[in-house]
Amino acid sequence: MSKMFTSAEKHLKSRHRAELRFRWMGRLAILFSLGFLTIMLFSIIMLGKGALNRAEIALPIDLSIEHVDPSDIEATSFSKLVRNALFEAFPEVTDRGERRRLLGLVSANAQYELKDQILETPSLLGQVQTLWLTASDDIDLYEKGEVDITLPQDQRRLKDLEISWLKTFEANGQLRSVFNKAFFTSGDSREPELAGILSALIGSILSLTICFVLSFPLGIMAAIYLEEFSKKSYWSDFIEVNINNLAAVPSIVFGLLGLSIFLGVFGLPRSSPLVGGMVLALMTLPTIIIASRAALRSVPGSIREAALGMGATQVQSTFHHVMPLAMPGMLTGSIVGMARALGETAPLLMIGMVAFIVDLPQGFTDAATTLPVQVFLWADSPERAFLEKTSAAILVLLSLLIVMNIAAIVLRKKFERRY
Amino acid sequence: MSKNTIITARDVNVFYGQKQALNGINLDVPRNKVTSLIGPSGCGKSTFLRSINRMNDLVDICRVEGEIKIEDKNIYDKDVDVVALRAHVGMVFQKPNPFPKSIFDNVIYGPKIHGMVKSKTDAEEIVEQSLRRAGLWSEVADRLDEPGTGLSGGQQQRLCIARAIAVKPSIILMDEPASALDPIATAVIEELIDELRQKYTIIIVTHSMQQAARVSQRTAFFHMGDLVEAGATKELFTSPQDERTQNYISGRIG
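If you're matching them up, the sequences are chains W and S in order. In terms of the working numbering, the first sequence has 108 at position 108, counting the first letter as 1, and numbering is strictly consecutive. When you read off a place in the second sequence, starting at 1, and then add 419, the result is the number in the working numbering.
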């Protein structure tokens, strides 16, 4: 190498090494975060996949005329039918305590399932029919292999006696696992085997609708006014600082605000998606304003000059030229804000959306809960079977987030224009 | 004011906050001529140009004193509507800035917002006429629905000129219209400017003295916020009266 390069060469090696080091640190950082993400997703999926199935027990049920009157099905005691079927399956059980355990094999809902099946196909009546009924949550866990039967009997909920009955059922093919449709079609329940997420999902969708309808137009209007129309002054600086601060306010504070204003002063219905959406809108507004302002700022000034230079008014310039170009950024910002609102629990606790909701909410003023609150409620429940429900609910929440983010990308691509 | 003068500027002072950018400018601009404003960077020539269609209004801290009369009407009077003013005084910018819309929509936008379009045939007529005057028709006639941003730089600038003349202004302001273009595109634009002077009064800011000499009949030389000298282009370049003009055109300042 010629003398010319020697002065630079002195540090060249260490400079290259520093560069290589930095590149590898970056790659490692990405690898680590990807790794943790994978572990998280994997564990949630493993925990939650069980919720897709539930155990059912087949019982021969005597539907002869002496037990069920075909002309007055409603008058039948279906719980008695289920009870008799179980007692007949194990006639040797006579002890009161043991008999109660025997009845606990099927879900508390079994009698209503039986009624529904009969109402659906009245031709079942008149003889003994073998019908599938939902098993209780402990049986469900056993069927999925999640009960450790090697533990001493006093350390598990399922005793040896019940396991022996189940073994009999298994041997006779009277125990099976089916797709748990109820998880997606019903509301919450105290019984884990009956609990579903539909009511929480509807609550989330209703709340987000209100949140979007309120915060999107308000947010982009505020952003457009601040960015395109207002003159720089002490007040505009003051407002800007405060909007940035609001975006960083803990969400539970917005919940308190909603509690005292929306519920306390306006007297709006407690636990309703209406109030929930309003609180979430308060929380989302600053995010949308900040994102929309950034999007507006990224539109080149030459477009405004072009429009104004040919005699467009400020409003025409903004709405004909600037806003269409800023739209992809505004939409992305808003959807990111919405996604945050979707995952929010704390402010909703303050306005009573932490309710136990069995019925599906019919409108914006019905009592409702949301997906993250449902996760919180189930995670708080003592029954072990709620563990898989919790994870499954988290998976539903994550899927919804993914759908929203894909929507953001698609909208961005659709509205994006070159300039 | 003589019949041949369209713009008269009297004692125009422009301030950006505390800083004075133009000091008492007095200038007459003749009708249907090309007037070029030359001078070193930061001399105030663009500021003056932007005072003529009040684009300076957009800058919050900008303040204009004095009067600029167009056809005997002071455009800084309270009763002047800037929207109408800018329809009357078109502008072409340094960097070609077509809207990210089709060529057709680019040209028709101005006439549309000013209510000059009654029917579809009207629109087609305006677009064709404007593009013809801007010397672009033959190149884009068969692709009017393609985006204006897809044209070459020179074509984009001519599209911007077509867009400006579509509104039927009497004055066109050009802020270094060829500085972002290659020599061939520049030559086309310069030729176009010479043709446009039949119908419009043109004021052009330029960095290039050769360009000023080629396209303009009158030239005004600005230096540090002062209008140093203004006169017929030929005379200004051959026998400048002021020492600063002499220095600038001989390349000693700027």
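Treat the hints loosely; a few may be bogus.
[Stated by the list, open to error] Using C-beta positions, here's what the derived DEER-type ranges look like: (1) Asp541/S to Pro300/W: 28 to 34 Å; (2) Thr365/W to Arg482/S: 53 to 59 Å; (3) Arg270/W to Val478/S: 49 to 55 Å; (4) Val241/W to Asp541/S: 38 to 44 Å; (5) Pro300/W to Glu610/S: 25 to 31 Å; (6) Ser302/W to Lys537/S: 29 to 35 Å.
[Stated by the list, open to error] As a list, the in silico BS3-like pairs of lysine-lysine whose alpha-carbon atoms are at most 25 Å apart: (7) Lys232/W to Lys618/S; (8) Lys231/W to Lys49/W; (9) Lys520/S to Lys414/W; (10) Lys618/S to Lys231/W; (11) Lys488/S to Lys618/S; (12) Lys181/W to Lys115/W; (13) Lys497/S to Lys231/W; (14) Lys232/W to Lys438/S; (15) Lys488/S to Lys452/S; (16) Lys413/W to Lys452/S; (17) Lys520/S to Lys587/S; (18) Lys422/S to Lys492/S.
Quick caveat, the hints were computed from the structure, so don't treat them as lab data. Please read these numbers as outputs of a predicted model, since none were measured by experiment. We put the beta carbon where it would ideally sit given N, CA and C, even for glycine.
Are the Cα atoms of Lys520/S and Lys414/W separated by 25 Å or less? Between Lys520/S and Lys414/W the Cα gap is close to 15 Å, so the pair holds against 25 Å.
Would the hint linking Lys422/S and Lys492/S be met if the CA-CA limit is 25 Å? holds, 14 Å
What's the verdict on Lys232/W and Lys618/S, does the C-alpha distance respect the 25 Å limit or exceed it? violated, 40 Å
Look at the Cβ atoms of Asp541/S and Pro300/W and judge whether their distance stays inside 28 to 34 Å. holds, 31 Å
For Lys520/S and Lys587/S, compute the direct alpha-carbon distance and say whether it is at most 25 Å. holds, 21 Å
Mind checking the hinted window 38 to 44 Å against the Cβ distance between Val241/W and Asp541/S? At 50 Å between Cβs, range violated.
Assessment of proposed distance window 25 to 31 Å (beta carbons of Pro300/W, Glu610/S): holds, 29 Å
Holds or violated: Lys413/W with Lys452/S, Cα cutoff 25 Å? violated, 47 Å
Verify the proposed pairing of Lys488/S with Lys452/S, using a straight-line Cα cut of 25 Å. holds, 17 Å
Given a hint of 49 to 55 Å, does the C-beta separation of Arg270/W and Val478/S actually sit inside it? holds, 52 Å
With a cut-off of 25 Å on the C-alpha distance, tell me whether Lys618/S and Lys231/W pass. violated, 38 Å
25 Å Cα cutoff - pair Lys488/S, Lys618/S: holds, 20 Å
Hint compliance for this structure: hints 4, 7, 8, 10 and 16 are broken, all remaining hints hold.
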